[in-house]
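Trainee: Here are the chains, one letter per residue:
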Amino acid sequence: MSTLTPAAAQGTPSGPTALNSGSPRRSSGKLKSKSRMDPTRNNTAAGIAAWLLALLFATPVLWMILTSFHSETDAATNPPSIAANLTLDAYKEFFGASSGVSPWPPMINSATASILSTVLVLVLAIPAAYALSIRPVKKWTDVMFFFLSTKMMPVVAAILPLYLFARTVGALDNIWFLILMYTSMNLPIAVWMMRSFLAEVPEEMLEAAQIDGANLLLILRKIIAPVAMPGIAATALICFIFSWNELLLARVLTGVVAGTAPVFLTGFVSGQGLFLAKVCAAAVVISLPVLFAGFAAQDKLVQGLSLGAVK
Amino acid sequence: MTTATARISRPGHHAATPSRNARSRERALAWARRAPLLPALIFLIIVTQLPFVVTLIISFLNWNSLSPDKTAFAGLENYVTVLTDPDLRQAIFTTILLTVSVVLLSLLIGLGLALLLDKKFIGRGLARTLLIAPFLVVPVAAALIWKHALLNPTYGLINGILTWAWSLFGSATPPQLDLLSQAPLMAVIVSLVWQWTPFMMLILLAGLQSRPMDTVEAAQMDGATPWGIFRHLTLPHLRQYLELGGLLGAIYIVQNFDSVFTLTAGGLGTANLPYAIYQTFYFANEYGLASAAGVVVVIGTIIVATFALRTVFSLFKKEAAR
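Just so you know, the protein sequences line up as chains L and W, in that order.
Each residue of the first sequence is one higher than the one before, counting from 1 in our numbering.
Each residue of the second sequence is one higher than the one before, counting from 1 in our numbering.
Hints are all accurate, no fakes.
To list a few chain L residues with every Cβ distance to chain W over 10 Å, as calculated: (1) ASP89; (2) PRO103; (3) ILE108; (4) THR112; (5) VAL169; (6) ILE223; (7) VAL257.
For lysine-lysine, the following DSS-like pairs were computed, each having C-alpha atoms within a straight-line distance of at most 27 Å: (8) L:LYS139 with L:LYS311; (9) L:LYS311 with W:LYS119; (10) W:LYS147 with L:LYS92; (11) L:LYS138 with L:LYS311; (12) W:LYS120 with L:LYS311; (13) L:LYS311 with L:LYS222.
Simulated from the structure, these hints should not be mistaken for lab results.
Cβ coordinates follow ideal geometry from the N, Cα and C atoms, glycine included.
Excised from the complex, chain W in its bound form (with noise of 0.2 Å):
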């Protein structure tokens, strides 16, 4: 459809006299260079947002799809549930926390390693090649590969490390680890931090080669020590990215889903918003109450991505001025 409008607009083929035609004109010439933003515009509005003012309307309601007659406004009601109920509660507590924890190990992880890899060394681009492995496999088959090959508390490879290890020195009795069922947590931030340090490697190290160096040989020219340089030069110069990597890998790790789904299936405080939504609305069907946990994840997000379009906007300023 709006391709129509372009070829209606474009200018030049029905433009008369200039003179009387001058704001027609300029108004089509302006409609020519949005027509082809709007197919793209129009079809996110439709997907995306509709679909949120419908969660906002039915968070405002009593409907549970098994009882649909007894369906009726409810006000806030949902709301002071989502706030009060331990189990949702329990899950805003969750999901901050993994989201905190795996953003932040992931990035200074991934830092160190940016540090490394921005040296020159043997084998340097197939040690880079390995270390992005880990975000290039299907997350639910990366989950399913630490729930059972790694970390299963019998034949996981971590105590068939252990096992082996200890046996070196003679000992039958070695320590074996069950982070799944004694820290499930846990296993879910050592899985997701696996896969998210690639991520924040390689904008790190992005951001490193980026960095002007007359200025470091400069400052070793007089004499600052390598953590001077990297205290004064390298730190600051970095804080963007990663303010960036830490604030594009909070926007995924925040809707985390597959991760709790499949190493713990919600279990033992592992749930996350978005799990306990799932189950919210997909199995004990309340429609209303998962609505109003959504609304709830909404705008904690709108706090966290105030913060991230603030950070994108000043890397995208210097390009904004072409």
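The following block holds chain L by itself, in its conformation from the complex (with noise of 0.2 Å):
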């Protein structure tokens, strides 16, 4: 993988200006009055379409929900029973009312795993990406595409070895183990979406404060912060999201002491009897931290996911 370097990436010359520049023959056709749209009539048709669209990509998040409200016999029915009555008894289900199995373990995991390697990657990146942004080193870009290189590699063309170092020296079901890979798998993500977010920082004000004889200390407290804490905090929640979703890594390195949610989640279904409210309870709950995470980065969340590409 780290055979790829930019000069392979050079060939293209598409940018966005060059797009641009063969598109509109201003003289090509005349007025027509008819092509002028009306604009409202126009916007409810789309309106309509996008909120009927909106509510079938949601449904299955809405019928998860409602679903997990219901008593077993109510969730599994055909036809669906919809407007059954509404009870918590598959969220106490869930939690270990009956069958002694409690999700705290698990979640525990997940939440120190994703906490800790986010804590772990912004440490790591924050230094990166200034060395790549503000003060940028020689051949910088090389850099940065050597760190996303290695997130194209797959996971599972390095879980074999990391497996079997972890069992030689017994970091097997370890969460410290799992929080290193979780660092290096939201690593290079991070640094791409940090200098994004560094490079916002406006040069003039930085070098008005050197020129000043502002210190670095000062210069990051006053002048990067409050410019990057945005792009930082939405980085910080989409590596936690990444983290908290996942499965393979978990599934290998971790057992009974570490596992994780999703492990959890994936062992859930006992297939004897209904479980289809517990199954959706556990989604709900499980999913929860996501959701909130999401919709916390939703201003951030393009420019986090397309690594600081789209704006």
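With the hints as a guide, bring the two chains together.
Mentor: This is how it looks when you write it as structure tokens:
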């Protein structure tokens, strides 16, 4: 993977300016009054279509939430019993009312792994992003693409040596080993996101501060932090989501002690008796942190997910 | 450790005569610039590159952990097996089919949704929020919901709606789907498209909103049709966003494990390479073979990644001028 360099990527000169230049032939065609659409009518149609599709896409989520508040018998009917009585039984069941298997240890493991790996990612990525944007090293673009290329390597191509290593040193089923794995999984993305946020710090302000003799700490605190803080927060939330969601590494590297919420979820369906409402309740509870984090980061979500390529 | 180097190499403290120390001072400055970068870089090389080198080595070994005494150098034998074994070949084919169809479908639907959301209408913010929701459900949870609450042939919502709709017309024999056993790969594709469409929509919507409106207005003044504007203005502008979304999506979907694992447990031709590799080393204990398959995935990814980097680079280049 490390053979990938931007030299290979420099091939296409397809910048946005190149794309836009060949577009509007101003002299072509006469002004046709018919083609100038009535904006309000057009928007109503688009609005109705958008709303129908939005509801269609949200249906599985809404159905999951509704079913989680149904009793097991009401959940598994055909046709569906939409208006059935609401109950908290499934949630009580999920938190171990009768089965005795508590979801708390895996949830706490997930929270530990996600939060600590996110903190580690930030500790490593912020200085790195600083050295890639504000005071860039030579050939910093090469470094950026090296980071990205490690993210493109599928986890499966490295998981066996990691598993063998963990087994040899006794780090299997250890949350700290998982934390290190999640840190490496999110670090490249975080460096990319963070660089794009730090690059928004206006250069003139940095120069002015330096001329005024402000030291590094003061510059970091007074100039860089205020501009970059929302971006750093969004990066942290996105890293948290990716760690919280991760299944393959957790499945291979953890077991009874350090198992995470997604691993718990895969082993949750017993196949005996009715379990649909319980599964929905479990899915709701385990998805809640991600939903909160996602909506909290909504403003910067696109910039983050596109690695800073899209503003 | 690197913070220590940074402190030592920070210029100014021990620079004596500038003329004599000019070169070492310059070097110290360069290292002071590099220092914040090094912890991240070293950490990443140790955790990602080193294991891959080990994978590469193991891929040339005949190593099954159940019979460790038979471990020996195998040459290219594992690679031949990866490319000839029907199951693994099927896995390669499934991976390609799954990735391409999910990326294309979610891009297409995402484009449609982005075009709709680009217009102003009542409750646009809420509609956008509803559309993002699929992306913010834990993938394992989403797969479980699809498997049990939506696609289940006896009480899933899809068949439930079919029963209900047919009963409106007095029919007691509604058509009932069983995607999970009749077309399991389709079930995986549908659930993944559902989950990835919001991602594509967000990127394309950002692309649409960065479109220079003055050219669009000029074209409208000149009597261009909406289709003409879309074809000749919007689409060329969106091209790089489409590529970016497609390739970032491909990177994640090639590696998909959760959906295949949860929805079908790799049965009935749905095992993609990540799942097949997981099985090969985790259950069959064929370490050499699993590693060779892993290397094949990496080679495939390099091919895709070369294009991906090119696209990301074209967007990145304008910013790099800073």
